[in-house]
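Next come the chains, spelled out residue by residue.
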Amino acid sequence: MLIAAAADNWKVDTNTLVTLDGMVLHRPSGRKASYGQLAEKAATMPQPAEVALKSPQDFKYIGKQFKRTDSKAKSNGSAQFASDVRLPGQLTALLARPSVFGARLRRVQTERAKAVPGVRAVVEVPQGVAVIATDFWSAKKGRDALQIEWDESGGARVSTTEQRDQYLALLNQPGKVARSEGDAAQALAQAAKKLEATFEFPYLAHAPMEPLSCVVQLKDSGCEIWAGSQSQTSDQATAAQILGIKPEQVKIHTLLAGGSFGRRANPASDYIAEAVSVAKATRDLSAPIHLMWTREDDIRGGYYRPMFVHAISAGLDAQGNPVAWNQRLVGQSIAAGTAFEGGLVKDGIDMTSVEGASNLAYAIPNLHVELHSPKLGVPVLWWRSVGHTHTAFSTEIFIDELAAAAGKDPYAFRRTLIQHPRLNGVLELAATKAGWGTPLAPKSGVRRGRGIAVHESFNSFVAEVAEVSVKPDGSFSVDRVICAVDCGIAVNPDQVRAQMEGGIGFGLSAALHSAITLKAGRVEQSNFHDYPLLRISEMPRVEVHIVPSQAAPTGVGEPGVPPLAPAVANALFAATGKRLRKLPFETSELRSA
Amino acid sequence: MIPIIVNGTPRSVDATPDTPLLWVLRDNLGLTGTKFGCGMAQCGACTVHLNGAPVRACMTPVSAAAGQKITTIEGAQGKAVKALQDAWVKLDVPQCGYCQAGQIMSAAALLAGNPQPTDADIDTALDGNLCRCATYQRIRAAVHQAARTMRG
Ligand code: FES
Ligand code: FES
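Those protein sequence lines, which keep their order, are chains A and B.
Using my numbering, the first residue of the first sequence is number 1, and each one after it goes up by one.
Using my numbering, the first residue of the second sequence is number 594, and each one after it goes up by one.
Within a straight-line C-alpha distance of at most 27 Å, the following computed BS3-like cross-link-like pairs (lysine-lysine) qualify:
| # | chain 1 | residue 1 | chain 2 | residue 2 |
| --- | --- | --- | --- | --- |
| 1 | A | Lys471 | A | Lys433 |
| 2 | A | Lys280 | A | Lys251 |
| 3 | A | Lys194 | A | Lys176 |
| 4 | A | Lys67 | B | Lys683 |
| 5 | A | Lys67 | B | Lys675 |
| 6 | B | Lys683 | A | Lys64 |
| 7 | A | Lys193 | A | Lys582 |
| 8 | A | Lys72 | B | Lys675 |
| 9 | A | Lys72 | B | Lys683 |
| 10 | A | Lys408 | A | Lys433 |
| 11 | A | Lys578 | A | Lys471 |
| 12 | A | Lys433 | A | Lys443 |
| 13 | A | Lys67 | B | Lys672 |
| 14 | B | Lys672 | B | Lys683 |
| 15 | A | Lys433 | A | Lys64 |
| 16 | A | Lys32 | A | Lys54 |
| 17 | A | Lys219 | A | Lys246 |
| 18 | B | Lys662 | A | Lys72 |
| 19 | B | Lys672 | B | Lys662 |
| 20 | A | Lys176 | A | Lys582 |
| 21 | B | Lys672 | A | Lys72 |
| 22 | A | Lys60 | A | Lys72 |
| 23 | A | Lys41 | A | Lys251 |
| 24 | B | Lys683 | A | Lys60 |
| 25 | A | Lys408 | A | Lys578 |
| 26 | A | Lys11 | A | Lys54 |
| 27 | A | Lys471 | A | Lys582 |
Please keep in mind that the hints were generated in silico from the structure rather than gathered at the bench.
Go ahead and model the full structure; you've got the sequences and the hints to work with.
Laid out in structure tokens, this is it:
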């Protein structure tokens with residue numbers, strides 16, 4: 001359409017035009033125009049019925065090794081994140097948030113906070129009480145000096161231990177049907193061998209390295225926002241609504257985000273709304289407001305990957321072939337009550353709660369999947385790889401259990417049950433590169449094992465083989481992870497590798513360490529000492545193999561995460577004979593007898 | 594007013610003595626390359642050099658740094674830092690990039706005392722520096738690469 005627009009402008013034939021470096025060129029006359037110059041007109045041209053794509057031999061950038069353009073700035077301290085914005089006269093705000101989710105302010109005494117040197121104002125906003133100061137440390141001291149009483153009567157006074165009991169009880173009650181093929185109940189009743197297991201997953205915080213941060217400047221014409229935003233559309237609409245202005249009067253400067261993993265793509269635009277509310281309440285200061293979160297705010301601030309429990313029961317026939325698979329999942333919907341509900345929730349089923357389970361990759365004739373979506377006041381959100389964070393774990397461990405029960409090799413068992421050629425492709429590649437079937441080199445004093453898992457997410461296919469060494473006390477290391485990925489055309493192969501490496505580290509971090517728990521509505525963790533993340537000494541050697549492909553490019557940011565935890569759990573089983581079905585792993589269960 | 598020497602320049606800052614050096618650097622002096630990640634010496638994002646040794650600026654009161662030499666990522670120089678930054682770019686270590694200034698400050702201190710670190714040495718020296726993006730494998734490779742460059 002750009003070419004058609006240029007052809008029309010210059011009254012030349014479309015065959016005489018070529019595109020190069022963002023320009024349409026007419027070689028015979030030397031005329032050229034940028035895509036931008038042509039865009040407006042192109043939008044009015046008739047849409048071609050068919051578009052010929054460039055042939056792969058003609059790719060100039062795609063599939064080649066290209067360097068990141070930001071590595072230098074990110075290595076010398078000059079890269080600008082939202083936290084680094086420094087506008088003239090800017091003030092720093094910290095917000096005291098309710099003691100439990102949904103609690104309301106009853107009363108606050110602000111005198112001591114206001115007496116802290118550097119504190120300029122204390123204001124009440126719908127989200128809590130904000131202390132505004134010349135700098136972070138003064139704002140922090142001011143916030144610490146607030147004396148607040150919260151009314152918790154309408155709040156979510158959830159305790160994770162009770163919540164767990166309720167969730168486990170729900171596993172025994174029928175839920176909403178997400179998928180049903182054949183007659184799983186009957187096939188299970190007639191199966192030669194039956195297995196069942198329960199899997200548990202905690203709430204998880206995203207904990208991006210840069211805590212949330214947003215600068216807001218109110219102007220006569222509207223407002224400007226500086227943030228590492230992942231969802232400008234909802235952020236802009238939210239700001240406009242709070243200020244009573246039009247969305248086009250809100251200008252968002254998108255800066256680098258110091259990690260996010262979904263946290264800065266919140267349909268509720270929570271931290272943006274807070275910053276805008278504080279700016280609105282302090283309009284008389286005529287100062288840009290920089291709302292910062294501390295790590296404690298981040299860990300306790302909600303919008304977690306929801307807690308889930310799953311139960312799976314399955315049956316094998318006399319030859320060891322699976323004939324029935326029954327899965328029930330319990331966990332909050334991340335879409336319910338958001339603008340995404342209409343798109344993601346179908347017939348009461350939040351697709352993101354069951355993705356990876358309701359479309360199980362294994363050919364099992366009788367498949368039945370049910371979901372309970374209890375409502376609780378703990379805010380939840382997508383988290384790198386969303387529903388696959390839990391469905392890959394339960395399904396990939398349970399398929400391993402079925403293989404063991406059938407007396408078959410876990411790789412070969414999967415291989416015969418998977419229909420999708422690309423899924424089998426990565427499975428085979430990872431197994432081959434890992435030397436599946438050959439013994440692991442023994443190391444003295446440890447039990448070693450190898451495990452495999454494979455999963456499709458975001459239209460990409462990833463298999464991972466993990467190798468572990470388990471000490472007598474149950475502590476273990478993941479020594480090596482071999483990863484095979486099919487993401488269609490790998491546009492920038494080195495960045496595909498980087499995302500797999502990062503996804504594996506991210507998955508391992510959660511598997512080894514992470515859990516958010518609540519007691520009487522209070523989040524029990526607060527910072528990295530009690531919500532630890534993976535450290536360099538725990539990082540396995542990672543090998544990434546990319547399947548050559550001409551298929552359309554698909555996701556790589558998330559798909560590296562899901563197979564990691566089940567691959568490690570399966571490796572731990574191979575090493576110790578113990579099945580860990582709960583995250584994070586409890587290593588005490590791996591102690592030698 | 595508290596006197597400190599930042600990146601070779603004597604400065605005098607107006608801050609209460611308990612203010613962590615991190616916030617003096619970021620808020621008083623506008624040196625935002627040193628990052629805030631936890632505020633309790635758990636993540637290493639705020640790593641600077643105090644008289645050449647790596648410290649966590651978030652837990653160092655500015656009074657403890659009075660009259661002393663502080664080096665931040667903006668002022669970090671010398672063979673090791675240069676070799677590290679080149680290796681970081683060559684291997685495209687950063688993802689979000691937020692932790693990387695701290696990683697380089699810790700790695701520079703390692704190379705200053707150990708020109709040929711093993712993987713285990715690197716893991717020990719950098720275990721206090723979290724990377725949520727888990728760029729650890731490339732960090733290890735880049736430290737080795739920088740060490741090789743320095744040995745010539
Ligand atoms: S901010 Fe200082 S160690 Fe985390
Ligand atoms: S590169 Fe993102 S935290 Fe290290």
